[in-house]
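Quick note, the sequences are listed as chains A and B, same order. In this text, residue positions in the first sequence follow the numbering used here: the first is 1, and each later residue adds one. In this text, residue positions in the second sequence follow the numbering used here: the first is 1, and each later residue adds one.
Don't read these hints as lab results, they were simulated from the structure. Keep in mind that a hint or two might mislead.
Here chain A is said to cover these stretches of chain B; the calculated rule only asks that three of the stretch's residues, wherever they fall, bring their Cβ under 8 Å from a Cβ of chain A [as the list claims (entries may be wrong)]:
#1 339 to 346
#2 351 to 358
DSS-like mimics (lysine-lysine), calculated; alpha carbons at most 25 Å apart, straight line [to be verified]:
#3 B/Lys282 <-> B/Lys78
#4 B/Lys408 <-> A/Lys89
#5 A/Lys78 <-> A/Lys47
#6 B/Lys282 <-> A/Lys78
#7 B/Lys408 <-> A/Lys249
#8 B/Lys197 <-> B/Lys227
#9 B/Lys137 <-> B/Lys89
#10 B/Lys408 <-> B/Lys346
#11 B/Lys381 <-> B/Lys282
#12 A/Lys247 <-> B/Lys381
#13 A/Lys247 <-> A/Lys117
#14 A/Lys117 <-> B/Lys78
#15 B/Lys381 <-> A/Lys78
#16 A/Lys117 <-> A/Lys249
#17 B/Lys197 <-> B/Lys282
#18 B/Lys78 <-> A/Lys78
#19 B/Lys41 <-> B/Lys117
#20 B/Lys196 <-> A/Lys249
#21 A/Lys371 <-> A/Lys41
#22 A/Lys78 <-> A/Lys89
#23 A/Lys247 <-> B/Lys78
#24 A/Lys78 <-> A/Lys95
#25 B/Lys137 <-> B/Lys227
#26 A/Lys346 <-> A/Lys95
#27 A/Lys47 <-> A/Lys282
#28 A/Lys137 <-> A/Lys41
#29 B/Lys371 <-> B/Lys78
#30 A/Lys78 <-> A/Lys247
#31 B/Lys89 <-> B/Lys78
#32 B/Lys282 <-> A/Lys89
If you want a taste of the chain B side facing chain A, the calculated C-beta under 10 Å gives, among others [to be verified]:
#33 Glu66
#34 Asn162
#35 Asp238
Note that the structure is a prediction, hence the values are computed from the model and not measured. C-beta atoms are modelled at their ideal positions from N, C-alpha and C, and glycine is treated no differently.
There are 2 protein chains.
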Amino acid sequence: MNTSRPWHHALRGALTSILAVTVFSAQATSFPPPLNQQQTKQLRVIKNTALQVDLSYQVIESLTTEVGARLVGTPAEKQSVTWAVNKMKTLGFDKVWVEESEARLWQRGDLQAAITKPYQHNIVALALGNSVGTGGKALTGEVVEFADLAALNAAPAGSLENKIAFVSYRMTRHKDGHGYGSAVGARVTGAAQAAKKGAVAFIMRSVGTDTNRFAHTGVSRYEDGVKKIPAVAISNPDADLLQNALKHKQPVTFSLTMSASGPTGQTTTIANVIGEVTGSSKPQDIVTLGAHLDSWDVGTGAIDDGIGVGITLAAGHYLSQLNPRPARTLRVILFAAEEIGLYGAKDYVARRQGDLQNHVIGAEWDFGNGKIYQLEPGVSKDSLPAIAAFARFLSPMGISMAQTNNAKGQSDMSALGEAGQPAVNFNPDGTDYFDYHHTENDTLDKVDRDALKFNTAVYSMFALFATSTGADFRQ
Amino acid sequence: MNTSRPWHHALRGALTSILAVTVFSAQATSFPPPLNQQQTKQLRVIKNTALQVDLSYQVIESLTTEVGARLVGTPAEKQSVTWAVNKMKTLGFDKVWVEESEARLWQRGDLQAAITKPYQHNIVALALGNSVGTGGKALTGEVVEFADLAALNAAPAGSLENKIAFVSYRMTRHKDGHGYGSAVGARVTGAAQAAKKGAVAFIMRSVGTDTNRFAHTGVSRYEDGVKKIPAVAISNPDADLLQNALKHKQPVTFSLTMSASGPTGQTTTIANVIGEVTGSSKPQDIVTLGAHLDSWDVGTGAIDDGIGVGITLAAGHYLSQLNPRPARTLRVILFAAEEIGLYGAKDYVARRQGDLQNHVIGAEWDFGNGKIYQLEPGVSKDSLPAIAAFARFLSPMGISMAQTNNAKGQSDMSALGEAGQPAVNFNPDGTDYFDYHHTENDTLDKVDRDALKFNTAVYSMFALFATSTGADFRQ
């Protein structure tokens, strides 16, 4: 999941109260069933198949074994495109194509970090995406700790001359992941804020809920006209260590040696990979399922977003096997360059000149592996009853319908949502998601195969419903 | 550590409150109580103090912050000796000294590991202790997998010419940690066995129960007359990846570039740090508590064995504060170079020419942070009733006494046990111990402060009991 955008979960609470008056009640019963008898039977078949077989896991296993980490601009990212095209064809998609565009190139390079005084410790750290390096030389400075981004922002101008700013804020753990919203601001803007005060580098406690000695990477941004200083996340245990050193004795000096490229203006070719299961009677009407194909270069991108790739490709395969086919076309979009700023999603919209009128509805999977507990719509008022009727198929699975109607779609899909595509968000239990997010620990063994089957069943059911129903979710 | 010592205040408070409590009445026994009334009171005081204050944690925090990782032969290891001497003096030990000797020097150097064909993956790996390197050049070979050490041993001579042997055995998780015994053989002897079959390198799934992307280091041994080949542990997720690659397609090639020193014959000076709380009436009778001061160079050695250092120093401090002092002398031994082969413990015995007649009994702490659930003696038959009577003090804490009498002492202390010192093993819940063991993840945050207080109380109670009782545990 990309982490540079405002986190939509954080907005959810506020929007809930504002719009609660206008939303549809799922308990209402005065609407026709959204699916006919045959379609309902297909829904059951697809649900049972997805719950029994392991196809989405096999897809993730294939991607992480045969390709692995696939950072934008690396050979593995190019291989992932070939892999995805072949996999879609193998799985029975009718049309498969790529849409190329350009994205900013950033290269991580090497990094060594250390506390150098009054004690010596090697520190586990990762450059934040987009960070400049130190020209390969050691940059050393005294550490000044700030409890959070607000405290850093409040520091007087010039107060950090030749210092290294350290934000020690610790992300909190929540089912809906909203602790991320409070923590990620420092990652995105901390370096620019610190530079404004004169700092020579910016380090921060990783945005993550684990206590493993892994740093969490993710995108950062510089401001025009503000000096670009190195931006680095250190692991939670290393942040503890640095805080303890600061408590024991002052000053504490920190050293960084980095060869990260920073924003060079150089670009690299990226590619959305798109596959369709053609609709039988209304092929011009498009239902989209999205995930992102790129990953960070640490870990093998199994959770972020191999799981999304697995779920959406499996859903497409299950639909392709139905006879008769659903009326509408299912389009699975594996977006490029999500992690570094939704480049693929933005290109997808731009290519269509913002006209997504044939896009009936969409859903993305980019939030790990917890079981889905909530369906949150963002559709026309007239079609809410159909969504509610579909939600009844999910109710025995423990999934409720949110009392809001504001969903724009997760991560990439939000770009399509902003362009007018109706959306459904399926919200999973995100309690553990930020334990692994953007770390070396994002590997295949972290995938919960039972939860994956469950979520694959939900997405497959949604794909069947949305391509089969006569309801129109557009305004 | 901060110069303020809050535990002194806490101890005084505890003393005051406990002295007001009615006298402890021993339960009915078929043998004389091992402690008199005053000693029993002291036992309660020391128990309550250790359960309330956080001294052992403060010691670990100080060691891991001010020194950190302390591999034999590194500057940090020398610093740890100075740290330990100062800490013992600060904590009220009467005599503190060091005993120097020599240990084999091994240097880790750098390591890059990768799967190079048919897919490309960087692999998280650590050289095993004592391993040779590759002369800084890439060594590449086809991987041959073995399910366990026995399968490797059964491979025909010459069958691994130019190959890299890979043992994929996965350690199992158990409360008493016995899965380690089934897994560690490959680590110790795998490289020599593989070399006998012609292999050019030996890699293995880490000996660990976690699924984190950390390799677990640990000692390996070569055999005289057998070619010394590089010996490497890879993380559990990387072992999964390698197994999956082997399932997908053969051959799989692996590349290692290492600058580890191997056994060079070079030695380095090591030092046991020893502190005593002198006995009041039988100072010549020695009760020992042991832990090891050295650690691996990954992590900060908080669990292995910072916890042992914290527990034993805290126990010594609590005893030093008693008035009157126990009859016998408590000797806390912080052993050197345990991780690379019990060098400090062996020197301790050798210096005394194997004569430990004045060593009444000993116990070591070197098994993590789970709560103690069992006391296991290794004492004279005549003194078993005294141990059983002491065990009754532990019974309300949920600690039982083993029905065996064979304990020799954990890790270092086993060398003293072999030389005739009676021992008690306190067995903790080791379910999670091998999640962190010998990895970068062995850091301060992994210390469970409640379990630590509990275990510190048990060791402090044991120290008080063993230095106060008239029972003689020797044969």
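Looking at the structure, which of the earlier hints fail to hold?
Numbers 1, 2, 3, 4, 5, 6, 7, 9, 12, 15, 17, 18, 19, 20, 28, 29, 30, 32, 34 - these are the hints that the structure violates, sorted from lowest upward.
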